[in-house]
Every structure is written in C-alpha cells, then in structure tokens.
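Engineer: Protein chains in written order, with this note's numbering: chain A, 1 to 574; chain B, 575 to 1151.
In case anyone wonders, no lab produced these hints; they're calculated from the structure. Source: prediction; values computed, not measured. Be a bit skeptical, because a hint or two may be false.
Unchecked claim - Some chain B residues close to chain A (C-beta under 7 Å, calculated; not the full set):
#1 TYR592
#2 THR771
#3 GLU805
To be verified - Listed next, the stretches of chain A that the computed footprint assigns to chain B, with coverage defined by at least 3 CB atoms under 8 Å from CB atoms of chain B:
#4 40–53
#5 69–77
#6 85–98
#7 154–162
#8 256–267
#9 304–312
Stated by the list, open to error - Among the chain B residues that face chain A by a calculated CB cut under 8 Å, a handful are:
#10 ILE618
#11 TRP650
#12 ALA687
#13 LEU691
#14 ILE696
#15 VAL774
#16 GLY780
#17 ALA781
#18 ASN788
#19 ILE828
#20 CYS834
#21 PHE865
#22 ALA980
#23 THR999
#24 ARG1001
For glycine and all other residues, C-beta sits at the position ideal for the given N, C-alpha and C.
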Amino acid sequence: MSTLLKYFKGYRFEAFTAPFFKILEAVFELLVPFAVAAVIDNGIPSGSRAYIVGMCGVMVLLGVVGLASTLAAQYFAAKGAVGFSCNLRQGLFDHIQSLGFGEFDKIGSSAMITRLTSDINTIQSGLNMMLRLMMRSPIIVFGAMIMAFTIDVKSALIFAATIPILTFVVVGITLWCIPLYSRVQRRLEKVLLRTKENLAGVRVIRAFCKEKTETERFFEENNELCREQKIVGRISAAMNPLTFVIVNLAIIALLRQGAIQVDGGKLSQGLVMALYNYMSQILVELVKLANLIISIPKTAACAGRVAEILNTPCSMENGTEKSFSGSEYSVEFDGVFMRYGGAAADSLEDINIKVKPGERLGIIGPTGSGKTSLASLPPRFYDVSAGEVRVFGKNVKSYDLAFLRNAFGVVMQKNRLFRGTVRENMRLGAPDACDGEIFEALKAAQAAEFVEDMGGLDAIIEQGGANLSGGQLQRLCIARALVKRPKILILDDSSSALDYATDARLRRAIAALDYSPTLLLVSQRVSTVMHCDRIAVMEDGRCVGLGTHAELLKSCAEYREIYDSQIKSEEAAK
Amino acid sequence: MKKTVRRLAGVLGASGIYMVISAVLAAASVLLSLYVPILFGRAIDEITDGGVFFEPLLGFLKRAAVIAAITAVLQWIMGIINNRITFDTVRRVREQAFEKIERLPLRYIDQSARGDLLSRVIADVDQFADGLLMGFSQFFTGIVTIIATLGFMLSINPGVALTAALLTPLSLFVARFVAKNTHSLFEKQSKIRGSQTALVEEMIGGAKVVAAYNYAERSSERFSAINRELETTSRRAIFFSSLVNPTTRFVNSIVYTAVCLIGAFSAIGGGITIGGLSAILTYATQFTKPFNEISGVVTELQNALVCAGRIFELADEPAEPSDEGAKVLENVKGGVEIKNVSFSYSPDRPLIRNFNLKVEPGQRAAIVGPTGCGKTTLINLLMRFYDVQGGEITVDGENIAEVTRASLRKGYGMVLQDTWLCSGTVRDNIVLGKPDATEEEIVAAAKATHAHSFIKRLPQGYDTPVGEDGGNLSAGQKQLLCITRVMLSAPPMLILDEATSNIDTKTELRVQRAFEKLMKGKTSFIVAHRLSTIMSADVILVMRDGNVVEQGSHESLMAKGGFYAELYNSQFAPMGS
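Between the sequences and the hints, there should be enough to build the whole structure, so can you do that?
Structural biologist: Here is the structure:
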C-alpha cells in the first residue's frame, strides 16, 4: 500500500483538509439538539417568542456553517481523490510502458487495461468516499455519545451499551454477507458460462440431441443460484428489523431513565428530548458506515492489484552503448537458449547463426517451433537465458534500448496500426519523414496504390485498422517499418494475407532496397523463404538446418518434409 | 408498453399470493412503525419538569416496545417474502428464456449477437426483477409512508403538519436541480474516459509496436494530455454531484427549524404538547425519504420495463416447429440425395438454386472452395439446422423434413473445425453422444483416434476437467477429443471439417489418421483443405460465394478448366517464381 502513498504528491493538503472540514460539519450537526432542548426548556415554558426565534436563528446559523464546511470538505475530497487517481494513472501507465515483454506476457494486457481504467476508477470513488465519511460517521456516533455524557451520565450509559450492539449488528451482518455475495456472484458466473457455452456450441449440442440434458443442467445451476440468493437475502433482510428494534428499545430505556432523572430533578424535559434525538441520529450514521466498510475491501483489492503491477520491476536492464561499430556480422546468435517466464521448457535451444550485413535469412518451421522467439531476440524484446545475441559485434544487452531498436524495422505477426492518419502511422518510427520518403516506403510495400484510393496520407485509420483488409493492414505495417530505413528488417509472417503475386512483388521490392538492410524473414510458406540467401529450419526450438534452398533440399529431412507437403502435391496425394 | 405490463402480470402470476401478502405486510409495518414516535411523544408528555407520571409513562413505553417488536417481525417476514418473489421470478424467467434458446431456430441464433442474447438471459432478467419488484415494493411503502405520516401529523396539529408537509418537498427540487446540472459533466467525463480507454487499449495492445518504434515517451505525453483533461472534468463532476446530499440536508435542517419554530409557538399557546412536537420533528426528518425513493424508483421501473420488453421479445420469437409424431429415422444406411434444392439466408440474396447431388452409402463427398464460400451452408442443410426452401433432401429415401430432427441428427457425426468442448471432464466430453458408454468403449474409441496417449498423460487422465472452451488443451488435442466423441457414438454418416493450419505437424498427422479410421465405411461429407483428402473423394463439390458451382471427380473438374482448376493451380500447384 505504501507504494501508492507517493501519488498523493501535490494533494496532501487536500487529503487532510477534507476530513478536517468533515469533522467541523459533524460538530455543528451535534449542536442542533441542544438548541432544540433550549427551545423546549426555556423558550416554551417562559413563552418568550423572541428567545425561540433566537434559538431557531442559531439552528439556521448552524445549518449554514455546517453547509459551508461540507462544501469545503466535498471540494477538497473531490480534488484530492481525483488528483491522486490521475497521478496514479499516469504513474502506472508510464511504469507499464517501461516493462519488458516478459512482464507483459506474465501480467497480460487485459489485466493491465483493467488496472488502468476500472480499478483506478474504483480507487478514486473509494478514496473520495473515505475522505468524506471516514471521519464523519464515527464522529457523529461517538460525538452523540459524548454529548449524552455531558447531559447525564446515567442516560449516557445506555448509549455506551447500544452503540456496540448496533455496530455489531450492522457491521456483523454486512461482513457476514460479503462472502455470501461473492458466492452468489460465482454461481451467477456459472449460469452465465452455461448460457455462453450453449450459444457457442449450439450446433454440436443439437447434432448430439443434447438440448434436454443441457436444459436440465442449466436448471440445476439456476436453482443453485436461486438457493444461494435466498440465503443471503434471508440474512440481509434481518438488518433493518433488528436495528429498528434495538434503537427503539434503547429509546424506551432512555425515556424511562430520563423520567427517573427528571423526577429527581437532575434533568429537564428538553434534555430528555435531546438525548432522544441523538439516539435517532446514530442509526443513520451507522448504516452509512457499513456501506463505507463494504467499499473498503473492494477499494483495497483494487489498490493491491495496482500496487502489484507498480511493484513489478522491469527485468531488463538498459545498456549505455549508443554507437555501432563496423563488424563482419550484423546479427549473431551465439549458443542462444531462451525460456519464457513460467514456461517449463526452453523455447530456443542452442541456436548458432551468424548473419552478414545485407544478407537475407529465411526462417521456417511449424507453429510453435521457435521462429518468432528467434526473431524477437535481436531487437531485445526478450533476453536470452544463456548464450549471447550480438548486433554489429556487440551484445544487445550493452546497447541503450532506444538506440538499439531504432536500427530495426520490425513487423510482427499480429500487426497493429494506431488510430490516426496514414501519415501519423507511417511516422511512428521516423517522426521527421517527409511525404516523399513515406511514399517510397509505401511503394516498396505494395501499399501506395490503395493508400491513394483511400485518399492519400491524410486518410483516417480506425482503431485496430478496422477499416482495412488483412492484406492492406500487413502492407501498411511493412511500409511503416521501411520508412525508418532500418539497418535490420524483421518480417515475422507478415505477408500471410497477401496473394501470391503481391507477395512476390513485395519480396522483389525489398530485395531491391537501396540501403540493403539485413533481412530476417519468418514464414510458414516455403515459397516465401526459398529465395533467401540462407534459410534456417526450426523444429522444437532447435535449428535443424541452415543453408540455401538447394542445400537444404539435399541435406535437411525436415525441410524436405515441409517442401513436400506444400509444393510437391501430386505425390503426396497418392 | 401496455402489452409488456400485461405480460408482466402473467409472469408474476405464480407469485400472486405472495405479492398480496407482501403488500399487506408492507402497509401494516409502515403504519406500526410510524405509530411508535407518537407513543414516544405521549411518553415525553408524561415527563414534565413539574413531575413525572410513571404509571402512564411506563404504559406507553410498554406499548411502544410491543409495537416495535411486532413491526420488526413483520418487516423481516416481508423482506423474506420479497426475496422469494424476486428470486423465484428470476429463476422462472431465466428457465423459460434458456428453454427458448434451446428451441430457437439456428437462423435466429446465427443472426443475433451472442452478447445480446446472453445479456437478455442474465443481466436483463436481473435488472427486470430487481427493478420491478424492489421498485414496486419501495413505491408502495413510499406511498403508504407519505399518506400515513401526513395523517399522523395532522392528527397532532394541522398547522405544524402543513408546514412540514409543504416545505419538505423543497429538498427534492434542490436535488433535481443539482442532478440536472451535473448530468452534462458526467457525460463529458465518460466521453473523456472512453477516449482514454481507447488510447490505453491501443498502446498496451500494441506494446510491441510501441517498443519497436520507441514510441513510449510520445504515448505517455498523449496519455498525460487526456489525463489532465479528465482530472479537471472529474473533479468538477464529482464535486457538483456531491452537492446533492449537503444541500438537501441543509434544506431539511431549515424545514426542521421551521417546524420547530412554528411548533414552539403553538406550544406556547397550548396548541401542541412537547411530546407532540417531538413526534412531528421525528416525522419531519423522515418525510423526505419516501419522496427520494419514489423519484428514484421511477427511473428504475422504466429500466425494468425496457428489460422486460427485451426478455419478452426473446420469449415471443417463434421456436422451431415441433416435430412430435413425425417419423423416426432408424437403421440409417447413409444414402443421401439432394434433389433440386434451393436455399438462401435472406430472400433478396438468392444463394443455392436447383442443387442436385447423390451420395451412395459409404461414399465420400469433399467440399472445397476459398474461405467464406459458404461451406457451412451445406452442413446447415444436411443437419437441418436450416430448412431448405425448395426441393428436398432425403436420407435412405426419406425426406428429412418429414422425420424428427433428433433421429436425423443422431444419424450424423459432426466434427467442426471450430471445436467446441463443454465445461466438464474429458470423459464428459467424449460420452456426449453416448452417455451410457462403458469405460472399455471409451478407451477403445480414444485409442482408435490416437487420443488415448495424450489423455493418459493429463493430470487426472479421463477425469481431467476441461476449462471453459477447452482452455487448457491445444487446438489439436481439442480436435482429437471431438473426433473421439464421434468415434464413440459411431453414426452411419459423417460431417467433417478439416483443420487448416493451427495444429503442429505431428498432431495433424494423428488427426488425419483418426479421420481416416472414422470414415471407414461411412457416408462422409468433408470440408477439405488437404489435397490428399480431396483427391480420394468420390465426388468433389466446389463452392464459391455460397453456391455450388461445380461438382465431379478431380480429373473431370481439371479437364473442365473451371474454378476448381484455378483453385487447384493457385493453392496446390508448385509455386516457383
């Protein structure tokens, strides 16, 4: 929790003033019954209208001052809670962006989005409520008791007895219900799941004539839900009647005690009424307090989740090197092993590949063989668990990350464009690129034509590229990488949605780039990689073949197998 | 609207008796609970500074104690009854909705958004019950409270009562005024939140792009700009909306003071006793509550009616016509004939026209075509997920429109590419089509499909729970389970959907072999992607844009040089540059 405290920076004043004004407000509220008592004890018996008007004036004044302090409290609470949350949100966003992909995979992007949005919103409203109510409710409750003590000690003892009982009932029932509610929630989720499953599997269910069994299973789960709901309902339904009885019994005891004291001349009628009023006030505040108590574990859970991410350190240490030196190889994998966090087995085992500047290396293999893992090492998206990856002669760990990645043009399997114009997207990696340079890249990526059709560089790309076809999306992502004029270009299965002819044109255009980048080309299609200078064949995380197409056909059984299944179809059929 | 209300009566009818009891209890407990302050007032009147009259005082207090106890019991019973009405209604409505879903035509389910159907069964039903029943009971007790409070106050002192009654609603207007003005602020806030969430989703979803292009700093700046805007708007929205409580409380305290003032004045003249004044003051503090509740209830009731309308819409959807009494297809041999069939999903887009096909028992028909060509349409018709609009489909010479759906579907084994497993154990999933299968039969089927070896290695073997949608299994393993399922029930006809590319080579080989075993001696329809499958078929159906464009053997289709030949050349022929 202390992780989060620093985000109060700039709002400490508000965090203290809000409860302070809330205390003031409560104090003013507690004074009102005294004024009423004065009216009854002095005003009415003496028949002094002026006195009554005066006391009522005091009550109005108390109301006005009370309102003023409430407004101040609400203002500071809102400012403090919102300010804190915005600080926290920015801090969390920046922290998330600083994390490595290893942490990303572990936490999961949907969890991160929830932390940044709904969790922090919950924290904000919880904090706002706490700043306002945390002080007010206890002060009214205990203040009422203290007031009672100043009036009459014997009567006040009734308060001292009632408050714990009421607190026990209100808080007890509330706390009792919380886990029951989460059980109901889980049951409801089961019912939801069953429904979801039935919609998703409607064809299978009907094919197997399972409608009746499924309906029965649904009924069972639905009944369970209903039963759990009734259990919670029965308990929470007891709250109001119980508190009603307790408060009224307390008032009865109070009136009886008060009567004895008045009879003994120790108390006045007006003060008995004041005691009666205090007792009524307590209940309302206790119920509010119970609501606050419910929200505390919820807020705390959200805060805990946010803190968990903030406390996740970035496992990747940044290097300092900011220059490339001349080297025989642009990319070297030297005895590389790699294992994803939490995985049981290595995803890459003993990889040794050296790639020369300008060389085109194809990487092929079945799904899960480690192609993508291999391609994500040179830009240091992940760190190796053993061995070394070198770029232009130096270990990737020695480079400043931003500097290193600036040298790469990377197009990933899951292509993503950001909402905005085509131009904004193209400038992502090269903020100063001019339109001419952008068009050059678009042409090489076979995207110039349809961009023109869309309305040029100012055409809008919707979120996730929703207004583009898969092939268009891929070509724009390739163009975006080319705008950088990267020293090393990595294409990870990034032309799978293109038809054969376009794919071929694209490959030719990339081969003809005047700055001749080193190319790492990942694909499942033999036809895509067969023209590369060399091809690495991956299988189960190992490189089982490295050489030209012709060499591999001769020497590598795995490569031949893939080739046969994709290209030499006639024989496979018989 | 009116119709919805009438339908509601029908839904609630089953709980009718409880509703009457609940209403009676509500009225009784409200009246009694309001009577308590009066007794207290009378008791206070016995406590004068001149002396205390203990005997009547204790009498009033005793009565108050008894009444408070009775009220509490009544309230509790009412609470339980209300719960019962609500939860039972929810259960009933949900059961009906689910039963309906199981009987709706596929056409309706395919056309509806899944999330929408789900929210009708889950969220709408909840909101409908909560809103309607809780809303109704609050509305009812609210009205009774207002009337009874007024009556009690009037009986004590008309002047003071009117002051309280007329001034109290003031706080409602204040609350309404504040709420109206904060509404636009909240709208603005949710708009800004929306754009912030969109940015967050983009930047976190595209984290690799952000990293690869060193975009983190720039995206942080964008985030910060939105965040600052959100801060200003949120602060104002929260502050202004939090004005509702203090201002109404302030208005209430003014009302309280006014009642106190006028009450005290009339007490001087002896028009009201101190105890009476105390009772009215108590009422004055409580009088706003029912008004607030009622105004809140109106929106809730409207919401509930909308939800109810959506549920009834689902309930009114015509179910698949019953096929009770229709002929039961038995001892299927597997001869399938499609005669002159026409079909389309929507009348303005004709799809299949005059389609003819004859498949003898034991023959294989391969369905090929590019993605989205409508291969599922054929499955839909064969399984009678959809009914043909012209012509007929026969199985062993019987028109399938004239036999029961269940008996037709039992004749088919279906393995779709989009594998579906239900939550339950591996065993539950395998026995789906044959619940009474013995352990030996299950293992034999699993061995036949090469699924046994991986099932054995699962943590609890055949009793390993399968997560939602088979979460913990690989795509290939899921497919093997689905094949085992069909292998076990051993139907005479098959509909198979070959997986494309998301399985690793080894598993793929297994799946292929399992398919091969499964098809032995059975009439099969295969949505084919693999050349070997296509070429071993007795007849190839070529589909394009939802329609069957060619049919015949591989040789005849190649010779024809049509769409199949084109497809073959682009997908399977060598692709040198």
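Engineer: Give a verdict on every hint.
Structural biologist: Verification of the supplied hints:
1. Among the interface hints, the one on B:TYR592 is violated; its C-beta lies about 13 Å from the nearest C-beta in chain A, farther than the 7 Å criterion.
2. Annotation: B:THR771 was flagged as interfacial toward chain A, and the flag holds, the nearest CB pair being 5 Å apart, inside 7 Å.
3. Annotation: interface hint on B:GLU805 holds; nearest CB of chain A at approximately 4 Å, less than 7 Å.
4. Counting residues of the stretch 40–53 of chain A whose beta-carbon sits less than 8 Å from any beta-carbon of chain B gives 9, enough to reach three: the coverage restraint holds.
5. With 5 residues bearing a CB less than 8 Å from a CB of chain B, the stretch 69–77 of chain A meets the requirement of three and the coverage assertion stands.
6. With 9 residues bearing a CB less than 8 Å from a CB of chain B, the stretch 85–98 of chain A meets the requirement of three and the coverage assertion stands.
7. With 0 residues carrying a beta carbon less than 8 Å from a beta carbon of chain B, the stretch 154–162 of chain A misses the three-residue requirement, and the given coverage is violated.
8. Closer than 8 Å: that is the beta-carbon criterion, and the stretch 256–267 of chain A has 6 residues meeting it against chain B, so the requirement of 3 holds.
9. With 0 residues having a beta carbon nearer than 8 Å to a beta carbon of chain B, the stretch 304–312 of chain A misses the requirement of three or more and the stated coverage is violated.
10. Because the beta carbon of B:ILE618 sits about 6 Å from the nearest beta carbon in chain A, less than 8 Å, this interface hint is met.
11. Because the closest C-beta pair between B:TRP650 and chain A is about 4 Å apart, less than 8 Å, the hint holds.
12. Of the supplied interface hints, the one on B:ALA687 is violated, with its beta-carbon coming no nearer than about 10 Å to a beta-carbon of chain A, more than 8 Å.
13. Of the supplied interface hints, the one on B:LEU691 holds, with its beta-carbon coming within about 6 Å of a beta-carbon of chain A, less than 8 Å.
14. Below 8 Å, beta-carbon pairs count as interface contacts, and B:ILE696 has one with chain A at about 5 Å; its hint therefore holds.
15. Because the beta carbon of B:VAL774 sits about 5 Å from the nearest beta carbon in chain A, less than 8 Å, this interface hint is met.
16. Restraint check, B:GLY780 versus chain A: the minimum CB separation of about 4 Å is within 8 Å; hint holds.
17. Among the interface hints, the one on B:ALA781 holds; its C-beta lies about 6 Å from the nearest C-beta in chain A, closer than the 8 Å criterion.
18. The criterion of a C-beta within 8 Å of any C-beta in chain A is met by B:ASN788, whose closest approach is roughly 5 Å, and the hint holds.
19. Taking 8 Å as the C-beta contact cut-off toward chain A, the hint placing B:ILE828 at the interface holds, the least distance being around 6 Å.
20. Annotation: interface hint on B:CYS834 holds; nearest CB of chain A at approximately 6 Å, less than 8 Å.
21. Below 8 Å, beta-carbon pairs count as interface contacts, and B:PHE865 has none with chain A, the closest being about 17 Å; its hint is therefore violated.
22. Restraint check, B:ALA980 versus chain A: the minimum CB separation of about 4 Å is within 8 Å; hint holds.
23. Violation of the interface hint for B:THR999 is found here, the shortest Cβ-Cβ separation to chain A being roughly 14 Å, above the 8 Å cut-off.
24. Nearest Cβ of chain A to the Cβ of B:ARG1001: about 15 Å, over the 8 Å cut. The hint is violated.
Figure legend: structure checked against the earlier numbered hints; hints not met, in rising order: 1, 7, 9, 12, 21, 23, 24.
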